[in-house]
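2 protein chains.
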Amino acid sequence: MQTATESFLDQQIVLDHGTGARLSRELVAFMVGVLGDVYIGEMEDSAMLPVPAGNIAMTTDSFVVDPPFFGNGDIGKIAVCGTVNDLAVVGAEPRYLTLAMILETGFPIRRLHQALVSLRETAIEAGVKIVAGDTKVVGPGEADGIFLNTTGIGVFHRPPKRMTDVRPGDKIVLSGPIGNHTVHLLSVREGLGFEKHVLSDCAPLNGLIDSVNEAVAEDAVRSMRDVTRGGLSAVLHEYSAALGHAVRIEEEALPIDFETRMASDMLGINPINAANEGCLALFVEPDAVEAVLKALRTHPYGRKATVIGEITDRPEKAVEMVGKDGRVSEIEELQGAELPRLC
Amino acid sequence: MQTATESFLDQQIVLDHGTGARLSRELVAFMVGVLGDVYIGEMEDSAMLPVPAGNIAMTTDSFVVDPPFFGNGDIGKIAVCGTVNDLAVVGAEPRYLTLAMILETGFPIRRLHQALVSLRETAIEAGVKIVAGDTKVVGPGEADGIFLNTTGIGVFHRPPKRMTDVRPGDKIVLSGPIGNHTVHLLSVREGLGFEKHVLSDCAPLNGLIDSVNEAVAEDAVRSMRDVTRGGLSAVLHEYSAALGHAVRIEEEALPIDFETRMASDMLGINPINAANEGCLALFVEPDAVEAVLKALRTHPYGRKATVIGEITDRPEKAVEMVGKDGRVSEIEELQGAELPRLC
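Residue numbers (full-length UniProt numbering), protein chains in the order written: chain G, 1 to 343; chain H, 1 to 343.
Calculated from the structure, these hints are not laboratory results. All the pointers check out, no bait thrown in.
If several chains are the same, the list does not tell them apart, and a pair holds so long as it fits within one copy or across any two.
Using 25 Å as the maximum straight-line C-alpha spacing, the simulated SDA-like pairs for lysine to any residue come out as follows: (1) LYS129 with PRO159; (2) LYS129 with GLY54; (3) LYS294 with ARG162; (4) LYS171 with GLU250; (5) LYS317 with GLU42; (6) LYS317 with GLY169; (7) LYS294 with GLU250; (8) LYS317 with GLY33.
Could you put together the complete structure from these sequences and hints?
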């Protein structure tokens, strides 16, 4: 048996793996086997899934990570984390994911296996099931190895959290350091050697959010965002625009690991604009900040949680930073992050 | 205003349209504007959607159609039809779709606009809303113009329909001719000139299915499939395998348009293996066949509906065809359809 599997793993994706005939079917059977108990799809055109009455949360994300395999993770892990986190931050319990792949002819099946194993392990950690899938294959040079899409459904056990629930005076808490994912991936991509010292923060954050919800009152955390594409800057600009209030953060309070800061300086990037895959921004009612920090810090993904700023009462769309010297500067919204394909 | 829009339409996709900063936001605003009332997403990380208690249907599909724009449709239309049809065939009412795009740098925004307009019109026809989206941009040569993913949710008003509900003696009905989508796309792709005479059948089939459900008893139609990748052959093999009974069809009964047959002969393809985007296979309780045919034929997408065969009581995984001369031959499952990227 070992031999049969090994010889399959040594093969590469061909166009016929995506045409709906026998080879397609065999590839799907292989993938379903690797996913094991995490896959609960039926062999029908749609999955049929029980949900409670009320609102569900739904979100979609495609992943074009370059490189798709890196030091402490890969596109399979990111594809679960990204979608799980988008469901969790609106206050939903992530429950079901679909998984759609676009594979380039010649992609090694061993690599596909690796991504699926990592996707399975992350889905187990996050407590989500894969309920339906799709695989398309394109010719050489028509994609870059592997692209994934996960679309997720979550159910609500408490009221949804919305940006517009945030009020002036609310504190902004980050669950962990920023910039690590970007530095790690750029370092792997460019062969810079930082990747051994700075790991991606990629993680499913629903467990961390559950810890907070169990520790504090329902409306203590008004709203949450995972800080991904566009970085902290994009999140803060989004809130400032939605609320119509200026946002102020403290430069000294920003959690940036020493090696990450060094590497960022060398790479010429600003961690404020860098994509992360396991960092949560929480907008917290002031009296609840200590309790929220305590709850975050007891969880492995929140050990370095810290307050970085607040929503001001100034009615203006602006994000400003108080520097180490006390001077206030404006953080402008970037036209583009100039750093594509990190998620 | 005309000028501003026109000048935007003349632009091309750049990497910064996918990095989460200002250009990303502007592109999203443009797309949301084009989708109009069809888009009901909130500016949160997940959409929040009401559903009734019970089962929902969920399905995902990526679209890598080549060419993405063809005579009577495009990738936007197909992206709605494919997912709507997968929900409708299990007996669900298609309700919500997510839309994820992977765009290649240099893709013309005018083409993106065209795909979105067509997606919007098809969503209106099918009665579904777009509830969340995602846009990624990759470099030149890292994708082929535009790839879409739609993931859909449907709700059930009656029991789900499953393959395993089909019984020996049930008749197999096709809602319309096979092969047209494949011939149309291949003709456009290769510049053969057939595309004016043979149009793609691409259509959302939930209205057609509703017509049937209104006309006949709940269990008259035991199961349905839309005949897409792998063609009729793949569908029949799938049912034969799931049921453990041989399937028999009549060659003379197969609905194949005259021009399609000619073109297929010239192209060396067999319409039985050809992908379609608006053809339904129904597995029907024998006494209900006339009523089902009548209901199908009153709908524009079912005018050419016809019985093509039946599920035999022979306990064997096989698909056989009775030829025009009365001889029975086996239709083998293809290894691959050799015709990639038709959906």
